[in-house]
Amino acid sequence: MDLLQFARGPALTWAFVIFAFGMTWRLAGILLLKRRPDYSEPRNAVSWPGAIKLIVTRSWPRREFVHRTAFGQTLGYIFHIGLAIVVFGFAPHILFFKGMTGVGWPNLPNAVIYLSGAITLGALIAVLGRRLSHPVLRLLSNFDDYFSWFVTFTPVATGMLAVAHLGARYETLLAIHILSVALLLIWFPFGKLMHAALVFVSRGSTGALFERKGASI
Amino acid sequence: MSTTDIDSKHPLELDQARLSVKKPEQRYDKQGDMPDAQRVETAMRHFVKDFGAVAATYMESCIHCGMCAEACHFYVTSGNPKYTPIWKLEPFKQAYKREAGPFAAIYRALNLKKKVTVEQLEEWQELLYDSCTMCGRCTLICPMGIDIASLVGLARHGMHQAGLVPHELWAVAERAEREGSPLGATPKVFKERCEWLAEENEVEIFVDKAQADVVAAMSSIEIMKYPDSIVATAKILNHLGLNWTFRSDGYEATNFGMLSGNNDWQKEMSMKLINATIAAGAKLLILPECGHAYGAMRWQGANIYGKPLPFRVLHISEFLAETTKSGALKTKPLGKTLTFHDPCQVSRRGGAIEAPREVIDGLGAELIEMKDNKGLSWCCGGGGGVVTIHRADTIRYSAFQIKMKQVDDTGAELLVSSCSNCRQTFDDGQDHFHWDKTMLSLLELVADNLEDK
Amino acid sequence: MNEPNTLGASLARSGVSRRSFLKFCTAMASLMALPPSAAYAMVDALNRAQRQSVIWLSFQECTGCVESLTRSFDPTLEQMIFEMISLDYQHTLQAASGEAAESAREQAMKASWGKYLLIVDGSIPTKDGGVYSTVAGISNYDMLVETAKGAAAIVAVGTCSAYGGIPHANPNPTGAVAVSDIIKDKPIMNVPGCPPIPSVIAGVLAYFVTYGKLPELDHIGRPKVFFADTIHDRCYRRPFYDQGKFAKTFDDEGARNGWCLYELGCKGPTTYNACATIKWNGGVSFPIESGHGCLGCSEPNFWDKGSFYKPLAVPLADNATAITAAALGGIAVGTVAAVISRKHQSDISKEK
Chain B
1 MDLLQFARGP ALTWAFVIFA FGMTWRLAGI LLLKRRPDYS EPRNAVSWPG
51 AIKLIVTRSW PRREFVHRTA FGQTLGYIFH IGLAIVVFGF APHILFFKGM
101 TGVGWPNLPN AVIYLSGAIT LGALIAVLGR RLSHPVLRLL SNFDDYFSWF
151 VTFTPVATGM LAVAHLGARY ETLLAIHILS VALLLIWFPF GKLMHAALVF
201 VSRGSTGALF ERKGASI
Chain F
1001 MSTTDIDSKH PLELDQARLS VKKPEQRYDK QGDMPDAQRV ETAMRHFVKD
1051 FGAVAATYME SCIHCGMCAE ACHFYVTSGN PKYTPIWKLE PFKQAYKREA
1101 GPFAAIYRAL NLKKKVTVEQ LEEWQELLYD SCTMCGRCTL ICPMGIDIAS
1151 LVGLARHGMH QAGLVPHELW AVAERAEREG SPLGATPKVF KERCEWLAEE
1201 NEVEIFVDKA QADVVAAMSS IEIMKYPDSI VATAKILNHL GLNWTFRSDG
1251 YEATNFGMLS GNNDWQKEMS MKLINATIAA GAKLLILPEC GHAYGAMRWQ
1301 GANIYGKPLP FRVLHISEFL AETTKSGALK TKPLGKTLTF HDPCQVSRRG
1351 GAIEAPREVI DGLGAELIEM KDNKGLSWCC GGGGGVVTIH RADTIRYSAF
1401 QIKMKQVDDT GAELLVSSCS NCRQTFDDGQ DHFHWDKTML SLLELVADNL
1451 EDK
Chain H
2001 MNEPNTLGAS LARSGVSRRS FLKFCTAMAS LMALPPSAAY AMVDALNRAQ
2051 RQSVIWLSFQ ECTGCVESLT RSFDPTLEQM IFEMISLDYQ HTLQAASGEA
2101 AESAREQAMK ASWGKYLLIV DGSIPTKDGG VYSTVAGISN YDMLVETAKG
2151 AAAIVAVGTC SAYGGIPHAN PNPTGAVAVS DIIKDKPIMN VPGCPPIPSV
2201 IAGVLAYFVT YGKLPELDHI GRPKVFFADT IHDRCYRRPF YDQGKFAKTF
2251 DDEGARNGWC LYELGCKGPT TYNACATIKW NGGVSFPIES GHGCLGCSEP
2301 NFWDKGSFYK PLAVPLADNA TAITAAALGG IAVGTVAAVI SRKHQSDISK
2351 EK
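Residue numbers (the numbering used here), protein chains in the order written: chain B, 1 to 217; chain F, 1001 to 1453; chain H, 2001 to 2352.
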């Protein structure tokens, strides 16, 4: 079995297993903790619209906060959107998802993907630089922050290297790229990458609770 | 150090105009004489107890983006990263991950999150009490929608159980538990004041009616420092012709049990009001001009009671708005411009945002909104017990500068709010900075401009 | 006969003109990207060359490699090979059979000891004493070991002898292995492909005859001149891959327009061979041009590397069951963790 076979075979299988196991463990472990009933008289009888509203509107800061947060927020969006274009727009990636779920969708031209990948790498480096230099972020940041950055950066970087045939034979670069994705999947449930799922739970909870009270959302 | 020791080392002058400790120095207050290890144990256990599904979600969701700092008046005016709101919860989060989260067993087995130490808790006392008013601005900015302010309230439970509360706050809370008021407004004092005020102002002030439709509560700050509020309340309720009363078995709306983090005291303090209202057979409980009192009773009261309350709860500003809109409350037009400071716990956190504006509208005054207004307004910096903690004065005065600029920028003639703790904080700030604006009470403004009947 | 046994003499005897001979040498040199002077070196060397003795052993194979070599639209090229070399032993092409054939092999070995080129096609079974493929009662294994002893070099033609090929694929009932798994002390050149391209075989033999050594080989023994680049990097459909235009089925618009076959399982990106440049059947076409993805047949384990129709981006295993089981397991463990937490919390509450 060569490295590429290993990457496409047992490595991905174990990565998926750990990913599925970890995600459900963490979500069940959180969501099944106690919930207290609320006997206060609601200001608004129906809470779920608040959940939806907060989920949507919290994606961009309010006018009063924008000037203090726009830079960091924008950098974050650049790499998230860049990543989305690369992950969901590149034909081989779409085939990866189609192979797993049976669902595919139209792809983007490779040149768009490569440009997006390059921009994503630049934005990720900028984001790391900011985390290392901003006093608040330096205080808050821990292993999770840096390792999550690493497992996000590496697939993009190795994917670009594979496409450019830079550093090793293509099949080796492809294997390393797939292994880096496996690492990302394995780490996902245990660190802050989980925000991809939790964002809906956290925003939704606050939105529903606050809508009930008529509090500012 | 026992309670008596701390009292003699840092004497409190409880009847002074402003509660404070003379010559505050850097210190980590401790109550009781538990050994440190036991303090940590106790704090941890009580941290853990509070993690329901929602709190756990919040603890899991932080992505360390640092945006919450940008919303916090203490960080913004000091530039000190330690005031980052979510950082205030670091030991709380540690406890969660180590003891209550889904991976707790792994965290402990591999020691991935260390046990909280007493030094950490001491260091965090300042962050959880001195530099947080639980104003909730951080909650509004957080991209993950984490209600950081509520988590600070939860963390205070563990700190109180471990005897790690700033001394002044602990002392007033203990006094409230013991005497019924944090500032010495005992039932006896309250009744005496009501008698005296009724006479002085020629107003009927009903106390301890056996049956009434409306029970009104007051805050000790009003009773002791702004007694005109009692008169104003009576005037308005009489003007509306309502069957109302104060009850000496339940009149104190402030809840220092909640502010200091003691669940049992919080419950006892709330139950007094609830039982008194029920005993009077009232269908409406009016809460005074106070911030946290609103959250304590309107949103947490029924849960302390264990079932829906058998009466409505309204903040005085909501009550004034309702009666203004119905036409029952008639005021003479106030031909002035004014700006309104939104009390965080009533407005942003409590949802009674439009009510004061409806009252102002009814007053015929021209409202000039501050640039960041309503739910996005800045905190006065004194809520959540912060104004009682003298060692927090420096950062509170820094934060207050935001408010002064906000108000000055409107160019309004009058400055009004509907919370007596904000009023107290503004008065202290005005004094410190020799500022030219005095905060007025919305309640008193309405009472002073009632149409003659 | 006292005519010289040189290649030049032999060609002249066959009626091959000098012009044709020059054309052949120039074509071979150009094919292998050798400098123009190499063509003259080749003419000179081949003219004077003693016909190279070649022993061709066919083991556990389908004979496709020999068929490929002899299947040619241009008889001149491949027949040239048979003029250049003295093919002393080859099952399919030789006239002799039985003991006469085996004795021809032994004589050639003796006469050219240390100088003959050993060509092998087919894998070598090793299980059960190698009984699954024998010639004249001798197992392939024994015959290889014995014949390799006096060889100057070994050329493993076809993926079977180079890497084990199809017999080596799961479950490999005969214990089939490659030549390089058995012979460790001779230079071995692998010329994989299932089968290899005819001109590739011809080219490397011409090189050996000219220079007396094997051409530069890659890390798994393949001549770099033909196996340095992937099909993907030389494929004429590459612009469509880059534009993101793919055939999704074998008869859709994309297929009819000749778009990239990546989505239909083409293994071009990870397959090293000359198919995209030299092509097949005298340069007429190659699998991709005919509308079918590359199978990767010149790569080790190509049969076991997953379905020919599963694109490279798709995981090899069908993970659905494992993922479902893992998700259910996670829910169970998470529930247990939450229950333990809740119990812990209610114990703390009761303490007071």
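It should be emphasised that the hints constitute simulated quantities derived from the structure, not laboratory data.
Note that the coordinates shown come from a computational prediction; the quantities given were computed from them, not determined experimentally.
Heads up, a few of these hints could be off.
With a Cα cut of at most 30 angstroms, we get these calculated DSSO-like pairs of lysine-lysine [to be verified]:
id, chain 1, residue 1, chain 2, residue 2
1, H, K2149, H, K2127
2, F, K1225, F, K1188
3, F, K1267, F, K1283
4, H, K2110, B, K98
5, B, K34, F, K1307
6, F, K1097, H, K2350
7, F, K1114, B, K53
8, F, K1097, B, K34
9, H, K2186, B, K34
10, F, K1188, F, K1267
11, F, K1115, H, K2213
12, F, K1097, H, K2224
13, F, K1114, B, K34
14, F, K1307, B, K53
15, F, K1115, F, K1209
16, F, K1097, F, K1267
17, B, K34, F, K1113
18, H, K2248, B, K98
19, H, K2186, H, K2245
20, H, K2245, B, K98
21, B, K34, B, K53
22, F, K1325, F, K1371
23, H, K2224, H, K2186
24, F, K1209, F, K1267
25, F, K1267, F, K1332
26, F, K1082, F, K1374
27, F, K1283, F, K1188
28, H, K2343, F, K1113
29, F, K1113, H, K2350
30, H, K2110, H, K2213
31, H, K2343, F, K1307
32, H, K2186, H, K2213
33, F, K1225, B, K53
34, F, K1267, H, K2343
35, F, K1307, H, K2310
36, B, K34, F, K1272
Take a look, some chain H residues computed to stay more than 10 angstroms from chain B by CB distance [to be verified]:
id, residue
37, R2013
38, T2063
39, L2087
40, L2093
Here a beta-carbon is modelled for each residue, glycine too, at the ideal position from N, C-alpha and C.
(message) So if I understand the rule, the pair passes when the alpha-carbon distance is 30 angstroms or less; does K1307 (chain F) with K53 (chain B) pass?
(response) At roughly 29 angstroms apart (the allowed maximum being 30 angstroms), K53 (chain B) and K1307 (chain F) satisfy the hint.
(message) Tell me if the straight-line CA distance from K2110 (chain H) to K2213 (chain H) falls inside 30 angstroms.
(response) Holds, at roughly 21 angstroms.
(message) For a C-alpha distance cap of 30 angstroms, please report whether K1082 (chain F) and K1374 (chain F) respect it.
(response) holds (27 angstroms)
(message) Can you confirm whether the C-alpha distance between K1097 (chain F) and K2224 (chain H) stays at or below 30 angstroms?
(response) Since the Cα atoms of K1097 (chain F) and K2224 (chain H) sit roughly 57 angstroms apart, the hinted pair is violated (cutoff 30 angstroms).
(request) Take the C-alpha atoms of K1115 (chain F) and K1209 (chain F), compute the straight-line distance between them, and say whether it is at most 30 angstroms. (result) violated (54 angstroms)
(message) K1283 (chain F) and K1188 (chain F) were given as a pair; does the straight-line alpha-carbon distance stay at or below 30 angstroms?
(response) Within the cut-off at roughly 26 angstroms; holds.
(message) K1097 (chain F) and K2350 (chain H) were given as a pair; does the straight-line alpha-carbon distance stay at or below 30 angstroms?
(response) holds (22 angstroms)
(message) Run the distance test for K1225 (chain F) versus K53 (chain B): straight-line Cα separation, threshold 30 angstroms.
(response) With a Cα-Cα distance of about 42 angstroms, the restraint between K1225 (chain F) and K53 (chain B) is violated, given a limit of 30 angstroms.
(message) With the threshold set at 30 angstroms, check whether the alpha-carbon distance from K1267 (chain F) to K1283 (chain F) stays at or below it.
(response) holds (21 angstroms)
(message) Check the hint pairing K1209 (chain F) with K1267 (chain F) against an upper bound of 30 angstroms on the C-alpha distance.
(response) Distance of about 24 angstroms is within 30 angstroms: holds.
(request) Measure nothing beyond the straight line between the CA atoms of K34 (chain B) and K1307 (chain F); if it is 30 angstroms or shorter, mark the hint as holding. (result) holds (18 angstroms)
(message) Can you confirm whether the C-alpha distance between K1097 (chain F) and K1267 (chain F) stays at or below 30 angstroms?
(response) holds (28 angstroms)
Checked against the numbered hints listed earlier, the structure breaks hints 4, 7, 9, 11, 12, 15, 19, 25, 33, 35; every other hint is satisfied.
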